[in-house]
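Participant: Residue numbers (this note's numbering), protein chains in the order written: chain H, 74 to 435; chain W, 74 to 435.
Calculated from the structure, these hints are not laboratory results. Be aware that one or more of the hints could be misleading.
[Unchecked claim] Derived coverage of chain W by chain H (criterion: at least 3 residues anywhere in the stretch with Cβ under 8 Å from a Cβ of chain H; other residues may be distant):
hint	segment
1	379 to 393
2	400 to 413
3	417 to 425
Computed from a predicted model, the values in this text were never measured in an experiment. In this text, a Cβ means the ideal position worked out from N, Cα and C, and glycines have one as well.
Number of protein chains: 2
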Amino acid sequence: MINNNYCVIMAGGIGSRFWPFSRNERPKQFLDFFGTGRSLLQMTVDRFRPLVPIENILIVTNIAYRDLILEQIPDLQPSQILAEPCRRNTAPCIAYAVSRIQSITDNANIIVAASDHLITNEQEFVRVITEGINYVSQHDALLTLGMKPTRPETGYGYIQFETPANPADNNILAVKTFTEKPNRELAEVFVRSGEFLWNSGMFLWNLQAIMKALHQYLPLVMEQFDQGAGIIGTPDEDSFIQQHFPLCPNISIDYGVMEKADNVMVMAADFGWSDLGTWGSLYDLSDKDPQGNVSIHSKTLFYEAEGNIVTLESGKLAVIEGLQDYIVAENEGVLLICRKQNEQQIRQMVNDVQVNFDGKYN
Amino acid sequence: MINNNYCVIMAGGIGSRFWPFSRNERPKQFLDFFGTGRSLLQMTVDRFRPLVPIENILIVTNIAYRDLILEQIPDLQPSQILAEPCRRNTAPCIAYAVSRIQSITDNANIIVAASDHLITNEQEFVRVITEGINYVSQHDALLTLGMKPTRPETGYGYIQFETPANPADNNILAVKTFTEKPNRELAEVFVRSGEFLWNSGMFLWNLQAIMKALHQYLPLVMEQFDQGAGIIGTPDEDSFIQQHFPLCPNISIDYGVMEKADNVMVMAADFGWSDLGTWGSLYDLSDKDPQGNVSIHSKTLFYEAEGNIVTLESGKLAVIEGLQDYIVAENEGVLLICRKQNEQQIRQMVNDVQVNFDGKYN
Chain H
74 MINNNYCVIM AGGIGSRFWP FSRNERPKQF LDFFGTGRSL LQMTVDRFRP
124 LVPIENILIV TNIAYRDLIL EQIPDLQPSQ ILAEPCRRNT APCIAYAVSR
174 IQSITDNANI IVAASDHLIT NEQEFVRVIT EGINYVSQHD ALLTLGMKPT
224 RPETGYGYIQ FETPANPADN NILAVKTFTE KPNRELAEVF VRSGEFLWNS
274 GMFLWNLQAI MKALHQYLPL VMEQFDQGAG IIGTPDEDSF IQQHFPLCPN
324 ISIDYGVMEK ADNVMVMAAD FGWSDLGTWG SLYDLSDKDP QGNVSIHSKT
374 LFYEAEGNIV TLESGKLAVI EGLQDYIVAE NEGVLLICRK QNEQQIRQMV
424 NDVQVNFDGK YN
Chain W
74 MINNNYCVIM AGGIGSRFWP FSRNERPKQF LDFFGTGRSL LQMTVDRFRP
124 LVPIENILIV TNIAYRDLIL EQIPDLQPSQ ILAEPCRRNT APCIAYAVSR
174 IQSITDNANI IVAASDHLIT NEQEFVRVIT EGINYVSQHD ALLTLGMKPT
224 RPETGYGYIQ FETPANPADN NILAVKTFTE KPNRELAEVF VRSGEFLWNS
274 GMFLWNLQAI MKALHQYLPL VMEQFDQGAG IIGTPDEDSF IQQHFPLCPN
324 ISIDYGVMEK ADNVMVMAAD FGWSDLGTWG SLYDLSDKDP QGNVSIHSKT
374 LFYEAEGNIV TLESGKLAVI EGLQDYIVAE NEGVLLICRK QNEQQIRQMV
424 NDVQVNFDGK YN
């Protein structure tokens with residue numbers, strides 16, 4: 074194993090779209106979504122174990138989740154958990170992690186990934202990441218992973234790549250444009266064209282390349298972390314971060330760096346990826362009974378019921394009659410019943426619950 | 074208070090139609106249906122307190138519920154709970170209670186009532202029962218209470234009365250026929266005719282009248298209890314009942330006595346009665362929000378939801394989107410979602426759950 078491979082896992086999200094399954098105290102990445110006994114975070118860490126020594130895995134999260142992470146990944150040292158005192162989107166999160174790696178070494182290949190995505194073909198994942206690491210170790214490039222689209226998904230951003238002179242050359246291609254989540258019609262055009270990939274939010278780069286780009290495009294962020302040279306990586310890091318991290322602007326790495334830099338490349342990949350952003354995406358990925366019902370964790374009897382996704386707390390029984398295409402989710406004192414097609418309203422419901430019940434059920 | 078008034082409360086039912094709110098261990102009569110802090114049984118006992126001395130109230134139940142009843146009605150003596158070793162319908166239940174009363178006195182007026190009905194006008198109830206007691210204390214008659222129908226209910230049996238020569242005479246009338254639950258069309262005819270009352274299952278009679286009728290129409294039942302003369306009312310009663318009660322035929326008092334005897338009278342009453350036989354009847358009786366939703370015990374936020382009845386365990390929150398006319402009931406590890414119109418299927422579901430999960434959720 075090459076010891077200068079590092080992995081940065083971003084685990085600060087709160088996942089309110091999966092409420093009440095996800096809660097403030099236990100967001101999506103900490104949940105066992107498929108009843109396998111492993112949380113999404115645990116699955117993510119396991120996925121990187123063949124690629125990166127465990128001591129080179131850094132998890133950036135909200136300070137509130139530090140203990141929960143140490144509980145779920147007991148072979149991490151506490152220092153491998155980088156605690157953000159507040160939410161500042163992905164650019165400050167990545168800048169912090171990269172600054173920490175710089176305090177350890179001048180020569181690192183870095184993979185950045187979310188903690189709450191699903192990947193079904195782990196062997197292909199390892200193959201692709203290995204190829205990507207090999208590339209970024211030799212190139213001053215910012216490499217993003219683009220997923221070969223399997224449907225005109227409107228929930229993802231898309232990356233358009235430059236058609237290579239010789240398509241057989243390799244599958245690492247220059248990026249033409251990043252696009253936001255398209256409407257259905259546009260998504261269909263994107264997929265038909267064969268020139269677009271889903272933006273997975275996974276990145277590979279070497280330390281020098283990302284440091285150069287961060288300084289060039291996000292000087293207001295790096296101004297904070299540069300003051301931490303000689304402090305980050307020491308016992309004084311926590312108090313430094315508590316003071317300086319909140320001063321960073323709130324900005325994403327996509328908007329702040331990837332959409333601006335001229336050395337951005339995309340590697341087309343196909344290893345069964347989902348960002349598990351919604352109940353609908355979880356439904357799509359889950360095993361179904363002949364009536365298209367999904368039951369996660371719970372025992373369920375269905376009568377004249379089709380296309381539902383049901384999850385209760387472990388050991389509970391649901392008996393469901395006459396429901397079509399609903400989400401039924403119960404967790405820690407909250408039951409949600411909502412049409413799948415209206416799941417985008419869950420965020421508003423979570424707000425209403427916050428207002429009406431003073432945070433008791435959030 | 075006249076001390077030879079006795080009340081027999083039948084509390085042996087298992088109420089599977091309200092599953093999972095009612096469970097084998099805590100059937101319907103023991104539940105606080107309206108969030109008042111009093112169970113249906115407690116409300117029933119309270120209703121009789123102005124009419125009958127507490128020591129003259131007998132509760133017939135399955136042996137499994139003896140302790141629960143003593144817990145809910147702490148001013149009862151254990152001997153006031155008559156424990157059936159098995160279910161034999163209402164005739165053996167009443168024969169047992171009447172035999173017990175006979176071991177105490179030769180001269181009693183007896184009211185028989187269910188433990189799990191709702192009565193909304195308790196003052197009128199006391200007035201009617203007082204009138205009925207007065208009547209049966211002077212007549213060799215079997216008096217049943219008939220409720221003035223307010224709608225063409227198909228869930229109740231009906232009693233047709235003989236039109237009195239002079240309608241102003243009184244409201245205690247001879248019975249012409251008992252009818253089973255009618256279909257909708259017939260129920261409408263019954264209500265329009267003005268000659269039919271709902272069969273409430275409440276009875277009044279004096280000890281001699283019911284004893285005579287039981288011996289005449291149910292000799293196979295009374296053969297058992299007559300052997301208990303000198304034993305019932307003593308410490309040996311329990312073992313006697315355990316031996317003899319199971320030998321009684323399974324038969325209702327309606328079919329076994331009331332439909333056969335020629336001295337049956339009905340008293341028309343109107344005190345806001347429901348047998349709370351179904352979720353639908355509970356829904357009809359409960360306070361509703363402007364969208365016609367009923368929430369019992371639980372906090373609920375509704376979105377595009379109408380006509381639902383929701384009950385969760387105390388303190389829980391339900392968020393319900395896009396449901397019309399459903400039952401949503403959660404209790405002790407079981408969640409039921411079922412269209413109100415299909416609530417008669419709940420009994421089958423309870424059976425399926427029994428078979429599939431070995432009684433764990435029953």
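Participant: Evaluate each hint against the coordinates.
Facilitator: So, going through the hints one by one against the coordinates:
no. : hint       : in the structure
1   : 379 to 393 : holds (count 7)
2   : 400 to 413 : holds (count 9)
3   : 417 to 425 : holds (count 3)
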